[in-house]
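Next come the chains, spelled out residue by residue.
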Amino acid sequence: MEEPSAGRRTRADAKKPTVGLFATCLVDLFRPSVGFASVKLLEDAGCRVEVPLGQTCCGQPAYNSGDRADTAAIAKQVIESFEGFDYVVAPSGSCGSTMKKHYPWLFEEGDPWRARAERFSAKVHELVSFLTDVMGITGVEGRLDQSVTYHDSCSGLRELGVQAQPRALLNSLEGATITEMKDANVCCGFGGTFCVKYPDISNTIVTKKMKAITDTGADMLLAGDMGCLMNMAGKLKREGSNVEVRHVAEVLAGMTDQPAIAGGGKR
Amino acid sequence: MELTSLKFKEQSSAAIANADLQRALGNVEKGFIDKRRKSTDALPEFDRLRDNARDIKNHTLAHLDHYLEAYEEKVTQSGGHVHWAATAAEAREAVLAICQQRKAKTVTKGKSMITEEIGLNDFLSANDITPVETDLGEYIIQLRGEHPSHIIAPAVHVNRDQVESDFRRVHTQFEAERDLTEPVSLLAEAREVLRQKYFEADIGITGANFLVAETGSSVIVTNEGNGDLTQTLGKVHIVVASIEKVVPTLEDTAQILRVLARSATGQDMSVYTTVSTGPKRADDPDGPEEYHVVLVDNGRSDMLGTEYQEMLRCIRCGACMNHCPVYHAVGGHAYGSVYPGPMGAVLTPSLHGIDKSGHLPNASTFCGRCEEVCPMRIPLPKMMRHWREQEFEKHLQPSKARFGLGIWAYVARRPKLYRRAVSLAMPVLSRLGGARHRIARLPLAGGWTRHRDLPAPEGATFMQQWAERQRHDKGSKA
Chain C
1 MEEPSAGRRT
11 RADAKKPTVG
21 LFATCLVDLF
31 RPSVGFASVK
41 LLEDAGCRVE
51 VPLGQTCCGQ
61 PAYNSGDRAD
71 TAAIAKQVIE
81 SFEGFDYVVA
91 PSGSCGSTMK
101 KHYPWLFEEG
111 DPWRARAERF
121 SAKVHELVSF
131 LTDVMGITGV
141 EGRLDQSVTY
151 HDSCSGLREL
161 GVQAQPRALL
171 NSLEGATITE
181 MKDANVCCGF
191 GGTFCVKYPD
201 ISNTIVTKKM
211 KAITDTGADM
221 LLAGDMGCLM
231 NMAGKLKREG
241 SNVEVRHVAE
251 VLAGMTDQPA
261 IAGGGKR
Chain L
268 MELTSLKFKE
278 QSSAAIANAD
288 LQRALGNVEK
298 GFIDKRRKST
308 DALPEFDRLR
318 DNARDIKNHT
328 LAHLDHYLEA
338 YEEKVTQSGG
348 HVHWAATAAE
358 AREAVLAICQ
368 QRKAKTVTKG
378 KSMITEEIGL
388 NDFLSANDIT
398 PVETDLGEYI
408 IQLRGEHPSH
418 IIAPAVHVNR
428 DQVESDFRRV
438 HTQFEAERDL
448 TEPVSLLAEA
458 REVLRQKYFE
468 ADIGITGANF
478 LVAETGSSVI
488 VTNEGNGDLT
498 QTLGKVHIVV
508 ASIEKVVPTL
518 EDTAQILRVL
528 ARSATGQDMS
538 VYTTVSTGPK
548 RADDPDGPEE
558 YHVVLVDNGR
568 SDMLGTEYQE
578 MLRCIRCGAC
588 MNHCPVYHAV
598 GGHAYGSVYP
608 GPMGAVLTPS
618 LHGIDKSGHL
628 PNASTFCGRC
638 EEVCPMRIPL
648 PKMMRHWREQ
658 EFEKHLQPSK
668 ARFGLGIWAY
678 VARRPKLYRR
688 AVSLAMPVLS
698 RLGGARHRIA
708 RLPLAGGWTR
718 HRDLPAPEGA
728 TFMQQWAERQ
738 RHDKGSKA
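Each protein sequence line maps, in turn, to chains C and L. Once you know that position 3 of the first sequence is 3 in this note's numbering, the rest is easy, because the numbers rise by one and skip nothing. Take the position in the second sequence, starting the count at 1, then add 267; the result is the number in this note's numbering.
Same shape as in the complex, but just chain L (with noise of 0.2 Å):
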């Protein structure tokens, strides 16, 4: 998707103006946040398996190539194939190449955020290929030429009556007459439509919400179940996942599991988790007859080593997200990424450069709760924090803004300065407060008193006063 966060700001206004969205929103408040308390509170081990998690993924960044060669080798010995992507570009012709060379006209999709990250569908479907994604949230979204807008339920911005009118604009092949006032009849009819597909499709494209070095298989985590048919059912299962989706053991895994399903759904388990080594065997009932696995970089190992390096800690859960009091009010469209959210405000300017995304990491209050959820403790707001001292550091914050804070941070340094200057001011303003103590305009102060009044500063300044009673002390002890 074309990146369009420089635009947050007009987006952000447009999404609090836009009312069902709004009533969308309400529902990742309601619907992920308490669901997550219950399952952690729950677990008494919860923090020391969010620890046991972060060391794990820690450790593994540490030795990133020696894990990656170690999957790898895994991976071929079970009969399948690793393709090394260093770009987007390089994954998508990588994709491209498999799927002409099985002569596939469609391809069924797991739920993947890299493919929405490298531009996949629009790139297979200019190559006369049709990707079809078999997630329902994806279903709706792909239906309505839209991207996600949460990284686990793509869907979340769009309402009920819009999936049925989308339903009955798209399946033509149902009479019109029918039923679809209840949720369960709109599933009923994306399943009838998506399990034709099932058959139809030539290849299986998944992402892998783990890559497990010591067996060379590929995890994926759904509640629909539908990745399963996606991966089981072509006769050639492609495998697109970043590098940093590598973890050393299968008993990693399962410990990283523990708190994944938790941090995003509420659930102790996601409904299947799915693992898959290499392409079907002799004695397999099933299966697919080849098995590839497409290992994307885009941006990530010069992340290594630098102060973004944590972020690739990140396992996806959306905790962040569903308990961010800026994505509530905006959802995930306005910000302009494939990755919205806390996660997307630090990850995005990693993959793009600060210079194209500058928003995201300042759209934030600091108000701490997504590092507070996060299960794999990534420091989300410090790394804001550090991606605005980059935007610092190149001169990319607005003029003005910059202009401002360096006059104040000038007399900030300056004590006898800034004490002389505010105790000139602060009256003025009080005055300005008039009998009620408000101002509700103030030249400058627009961002404020736009939808607030400004309290009226009660006058002479605290230090002032202070230095008054020190004086007074003084003379009445004399």
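Next up, chain C with everything else stripped away, as it sits in the complex (with noise of 0.2 Å):
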């Protein structure tokens, strides 16, 4: 676990670790909600948590469009917004990886960036493995009545291991049955740019993603990053299936009040 640095704190909240919460692009446009859900469960975990206005997007659709130059000024705008926290928490495993591993290849050795931005990634982590692997959190309360299936997004999985996480803290909503797709760790054809770049591919990837999740029989999907949910969710609403969507971050919240991503009752 690491050490809370000495931040800026109010005298109440002197021994609680300060968060910025990076609430990504996706989730500021189209789902506040996990943005909320987000802040609630880290201040369930014992953090202080802020949001800075300095952040807009971690870059990831520049940088993997080959634009370098872009993808730095706006690395350097999130570097400076958030280094002065404890740590810096975004409900994306995505944008998470983006900052974590990424951000300092964007600087030359010797560019003094390069070392800020190190220091900066090091404070990095997806939402729901730093409320376990940092926090050290086993559970959460609340109960969930629905049979849920998980869609593991490609970074937060190969790039910072997020696997296990959710499962374990959703296996702790009283009443919880994961009932696990095939090929749960396959892309579900999302990748930025790339499903409106190659719309025919990202469909045929998605239209077998959809297959593994129907199969479950389940009656909600789950996933960490806002990509990958809306596509899948866009996919689930155009054929027509009543499969719930939301982001893992707002079940485990137990807010569940505002309508799903796609599907549900209230939809």
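Hints listed in this document are in silico derivations from the structure and should not be mistaken for laboratory results. All values derive from a computational prediction rather than experimental measurement. Built from N, CA and C at the ideal position, the CB exists for glycine as well. The hints are all genuine.
Subject to a maximum C-alpha distance of 20 Å in a straight line, what follows is the list of computed EDC-like cross-link-like pairs (lysine to aspartate or glutamate): (1) C:K182 <-> L:E296; (2) C:K208 <-> L:D301; (3) L:K649 <-> C:E118; (4) L:K297 <-> C:E180; (5) C:K101 <-> L:E574; (6) C:K211 <-> C:E180; (7) C:K197 <-> L:E658; (8) C:K101 <-> L:E656.
To be clear about the criterion: a stretch of chain C counts as covered by chain L if any three or more of its residues have a C-beta under 8 Å from a C-beta of chain L, and this derived list gives those stretches: (9) 43–54; (10) 62–70; (11) 187–196; (12) 199–205; (13) 225–233; (14) 256–262.
Fit the two chains together into the complex; they arrive one by one in their own frames, and the hints show the way.
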């Protein structure tokens, strides 16, 4: 477990680690409830949460399009806004891994930004694995009466090792049943700009994913990344499925009043 | 083969619409993945073997000139000849010169991707020399006038019925009424035809999985034994191999062999692993009278010292394509290049230029599964991203995409402007969703909405709502 450094705190919160929440652009734009669920989970875990205004996006669309200069400019903006916190947490493995695994490489060796990016990257975590691996949370309170299936988003899984953590926390909910889908660890076909650059290929991949999801018979599909969730939800909706799609943070925080991303009784 | 990677989009859409192909591609997913997992799970030290294999190749590449010269010396000592070919054309000419000197009419061939890369078969045919592929998959696609769609399973796109009709069309020496319904009967027929070809052939051409510097040997791995017949029965054995196949020692070869077959087919070892060193010696019962090695560079030495050097560790196991969701969706031919899948997406632009193969490094979701299974730990997504950076620098991407990205980046670099823009846009988009909160069509978003709905946003952005909550909290505290 990492030692929280002395940061800026009020007296009442003096012992709480400070977390800068990187909401991610998709949560900011499409699914604010995931942002609030993240705040609740982090506060329940004993953190003091702030949401810095300097954030827009982690820069991944530019990074994966080969636009290194804009990515580096966005990265500097993120680092400046977040480096004062003990931790930087994102409800996404994809944005989390861009900030944690890739930011340092945007700057040449010897560039002072390189060292600064490395110090920043060491503080970055994906939300659910932060709760379990850093804050030591082993369970959350609440009930889950629907059967769920969980999709492993690629970056979180392969770059940050997020796989057991969300399942462990979901299993701590009373009544939870997770039915694993076939190939839960295989890409859903989102891939950022890939899904609009190569829509037919993306569709072929998400069609297989949809079958894997519906074959489980689960009521609810959960994942930890809004990009994948919007892709799978959009496909399930188009095909008339009523599987309820949510970000795992909403369910763990018990904040499911908001209509689901797709499916479920409320839409 | 003609490079058609610029037509990747059209070719992939056609592949997706091809029901026969889609059925065949199901076998790639089923056939390779579980077998690899079982064999690697059974070997607790597999990841350490991968590290070791990576280190051996890194060391060799750092001293490539040294090991290539050492290799040449040993080949010469054992009575063989090394021909250095800087380009594909030089490699073809070197092979042709040997064939013409021996007045060869027919050559048998073991499976080899490098001879695909240099376009050897068409060239030999144009010079009145008949190449006969002896690997069953290669033989099938040669009959069909096609190219491999997979580097270790060249005919993976072909189904049994198609093979039967090809055999009936070409093998007219057999009676038309024969029963070919069982795959094993197809195999028996191919074997009978090919057996004769081995004896007729003047020369056998193989590739190499490894060239061993300490002994001057070439090593091939096969499952059919066709490579052994090819290199042993002809009077002349020609090895065509690219320069990065060299490794220092037989021990190094054995180390890398431990990860090769496991990654490829899930076997501990392939059925045949054959080491050949020089021509037949006086006491040898069999073997070729002449032994030639055509060492092909064809763009590889230009990769040394660049961000693509690590690609030269590739041992052509095919694990990256076996695990690639894009390859599973479109198959190998859609890529329009000799090497398909993730390894091809990195290698093809290195060999032909990014301007001629731009789609390949872009047609990836960056899911990272290729790198996860690569026995040589090649960071394939990272190198695909490098290619995208080169495209961006050279302004090779479609202007519409570049324009959109430019506007987005301009705004994303200005948080206040960004916040104003999105706080106006998202409520509009939210209302477009209507009561069912779904957007089925949206201008400029056809790429998304062609196949799926866009889940409508909730309304006010998180940052707006958060700011309101902060104001409210402060107000209530006051």
